[in-house]
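*Asks:* Sequence:
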Amino acid sequence: MSQVKQNDTVRVHYTGKLTDGQIFDSSLEREPIEFTMGQGQLIPGFEKGLLDMKVNEKKTINIPAEEAYGEPRPELIQEVEKSQLPEEIKPEPGMGLVSKSPDGHEMNLVVTEVKEDTIVVDGNHPLAGKDLVFDLEVVEIK
Numbered sequence: 131m132s133q134v135k136q137n138d139t140v141r142v143h144y145t146g147k148l149t150d151g152q153i154f155d156s157s158l159e160r161e162p163i164e165f166t167m168g169q170g171q172l173i174p175g176f177e178k179g180l181l182d183m184k185v186n187e188k189k190t191i192n193i194p195a196e197e198a199y200g201e202p203r204p205e206l207i208q209e210v211e212k213s214q215l216p217e218e219i220k221p222e223p224g225m226g227l228v229s230k231s232p233d234g235h236e237m238n239l240v241v242t243e244v245k246e247d248t249i250v251v252d253g254n255h256p257l258a259g260k261d262l263v264f265d266l267e268v269v270e271i272k
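As numbered in our numbering, the sequence shown has no gaps in its residue numbers, which increase by one up to the final residue, 272.
Derived from the structure by calculation, the hints contain no laboratory data.
Here the structure is a predicted model, which means the values were calculated and not measured.
Don't be surprised by glycine CBs; every beta carbon is placed ideally from N, CA and C.
Please note that a few of the clues may not be correct.
EDC-like mimics (lysine to aspartate or glutamate), calculated; alpha carbons at most 16 angstroms apart, straight line [what the hints assert, rightly or not]: (1) Lys245 to Glu211; (2) Lys178 to Glu196; (3) Lys147 to Glu267; (4) Lys147 to Asp261; (5) Lys135 to Glu177; (6) Lys189 to Glu267; (7) Lys135 to Asp182; (8) Lys147 to Asp265; (9) Lys260 to Glu197; (10) Lys188 to Glu270; (11) Lys220 to Glu243; (12) Lys184 to Asp265; (13) Lys260 to Glu196; (14) Lys212 to Glu246; (15) Lys272 to Asp182; (16) Lys178 to Asp261; (17) Lys184 to Glu267; (18) Lys245 to Glu222; (19) Lys212 to Glu222; (20) Lys220 to Asp247; (21) Lys135 to Glu267; (22) Lys212 to Glu243; (23) Lys189 to Glu270; (24) Lys178 to Glu197; (25) Lys147 to Glu197; (26) Lys178 to Glu267; (27) Lys135 to Glu270.
Label-pair restraints from in silico Cβ distances [stated by the list, open to error]: (28) Lys188 to Val228: 31 to 39 angstroms; (29) Ile207 to Glu159: 27 to 35 angstroms; (30) Lys189 to Glu164: 13 to 21 angstroms; (31) Arg203 to Val244: 19 to 27 angstroms; (32) Lys245 to Pro204: 14 to 22 angstroms; (33) Gln214 to Asn192: 39 to 47 angstroms; (34) Ala195 to Asp265: 14 to 22 angstroms.
Hey, can you work out the whole structure from these sequences and the hints?
*Replies:* Shown next as structure tokens:
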């Protein structure tokens, strides 16, 4: 029976949790994800955990933050003048915003603080700095 190796295209069911058990994502209510190993499409620890698994095999892996979304980067937290926001936007803490750079690159931001004339936004991935737990099941190896 074949095992998952680099460059294989695999279909995987997963449930992603924080270390306290809170589920943040799962494929169980939809199609399994399909991707090619070694192309950097997923976080490194996820791919590493799949190596050598067989079809229908299930396992739980623990992924430290540095093999997931990394540590939060302070340079991705910025204070922005409210005047730079579209007039119809009324910022609230926790609100998601999308910033577009001059070259068209989009970045997801979360408002972390609203001040008199400015807002503080965080461009770090919401799971940055967190250790993750994934329940994995290999559905198919192509």
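*Asks:* Taking the hints in turn, state whether each one holds.
*Replies:* Quick rundown of the hints versus the structure:
For the given pair, Lys245 sits about 9 angstroms from Glu211 by alpha-carbon distance, which is consistent with the 16 angstroms threshold. For the hint linking Lys178 to Glu196, the alpha-carbon distance of about 13 angstroms falls within 16 angstroms, and the restraint holds. Proposed proximity of Lys147 and Glu267 is supported: the alpha carbons are some 15 angstroms apart, at most 16 angstroms. Our distance criterion of 16 angstroms between C-alpha atoms is met by Lys147 and Asp261, whose separation comes to about 9 angstroms.
Of the pairs offered as hints, the one joining Lys135 and Glu177 holds, with about 10 angstroms between alpha carbons and a cut-off of 16 angstroms not exceeded. With a C-alpha separation of about 7 angstroms, the suggested pairing of Lys189 with Glu267 holds against the 16 angstroms cut-off. A distance of roughly 6 angstroms separates the Cα atoms of Lys135 and Asp182; the hinted pair therefore holds under the 16 angstroms criterion. Pair hint Lys147 plus Asp265 holds up; C-alpha atoms about 8 angstroms apart against a cutoff of 16 angstroms.
With a C-alpha separation of about 10 angstroms, the suggested pairing of Lys260 with Glu197 holds against the 16 angstroms cut-off. A C-alpha spacing of about 12 angstroms is found between Lys188 and Glu270, which places the hinted pair at or below 16 angstroms, so the restraint holds. At roughly 12 angstroms between alpha-carbon atoms, Lys220 and Glu243 fall within 16 angstroms of each other, so this suggested pair holds. Restraint check for Lys184 and Asp265: satisfied, since their Cα atoms lie roughly 14 angstroms apart, inside the 16 angstroms limit.
Taken as a hint, the Lys260 and Glu196 pair is honoured in the structure, with Cα atoms around 9 angstroms apart against an allowance of 16 angstroms. For the hint linking Lys212 to Glu246, the alpha-carbon distance of about 9 angstroms falls within 16 angstroms, and the restraint holds. About 14 angstroms separates the Cα atoms of Lys272 and Asp182, which keeps this hinted pair within 16 angstroms; it holds. As the CA atoms of Lys178 and Asp261 are separated by approximately 15 angstroms, the hinted pair is consistent with the 16 angstroms bound.
Straight-line distance between C-alpha atoms of Lys184 and Glu267 comes to about 9 angstroms, which keeps the hinted pair within the 16 angstroms bound. Annotation: proposed proximity of Lys245 to Glu222 holds, straight-line Cα distance about 10 angstroms (limit 16 angstroms). Distance restraint check for Lys212 and Glu222: the Cα-Cα separation of roughly 12 angstroms lies within the 16 angstroms cut-off, and the hinted pair is therefore satisfied. Between the alpha carbons of Lys220 and Asp247 the distance comes to roughly 12 angstroms, so the proposed pair stays at or under 16 angstroms and holds.
At most 16 angstroms may separate the alpha-carbon atoms for a hinted pair to count; Lys135 and Glu267 meet this at roughly 15 angstroms. Using a Cα cut-off of 16 angstroms, the hinted pair Lys212 and Glu243 holds, with the two alpha carbons roughly 12 angstroms apart. The straight-line distance between the Cα atoms of Lys189 and Glu270 is roughly 15 angstroms, inside the 16 angstroms bound, and the hint therefore holds. Note on Lys178 and Glu197: the hinted pairing holds, with a Cα-Cα distance of about 9 angstroms set against a maximum of 16 angstroms.
Of the supplied pair hints, the one linking Lys147 and Glu197 holds, its CA atoms being roughly 15 angstroms apart against a limit of 16 angstroms. Our distance criterion of 16 angstroms between C-alpha atoms is met by Lys178 and Glu267, whose separation comes to about 14 angstroms. Note on Lys135 and Glu270: the hinted pairing holds, with a Cα-Cα distance of about 12 angstroms set against a maximum of 16 angstroms. Judged by the Cβ atoms, the range 31 to 39 angstroms given for Lys188 and Val228 holds: they are separated by roughly 37 angstroms.
Roughly 34 angstroms separates the CB atoms of Ile207 and Glu159, a value that falls within the hinted 27 to 35 angstroms. Between Lys189 and Glu164, the C-beta spacing of about 19 angstroms keeps the proposed range 13 to 21 angstroms intact. Judged by the Cβ atoms, the range 19 to 27 angstroms given for Arg203 and Val244 holds: they are separated by roughly 22 angstroms. Judged by the Cβ atoms, the range 14 to 22 angstroms given for Lys245 and Pro204 holds: they are separated by roughly 18 angstroms.
Separated by about 41 angstroms at the C-beta atoms, Gln214 and Asn192 satisfy the suggested range of 39 to 47 angstroms. For Ala195 and Asp265, the Cβ-Cβ distance of about 19 angstroms falls inside the hinted range of 14 to 22 angstroms, so the restraint holds.
The structure meets every hint from the earlier list without exception.
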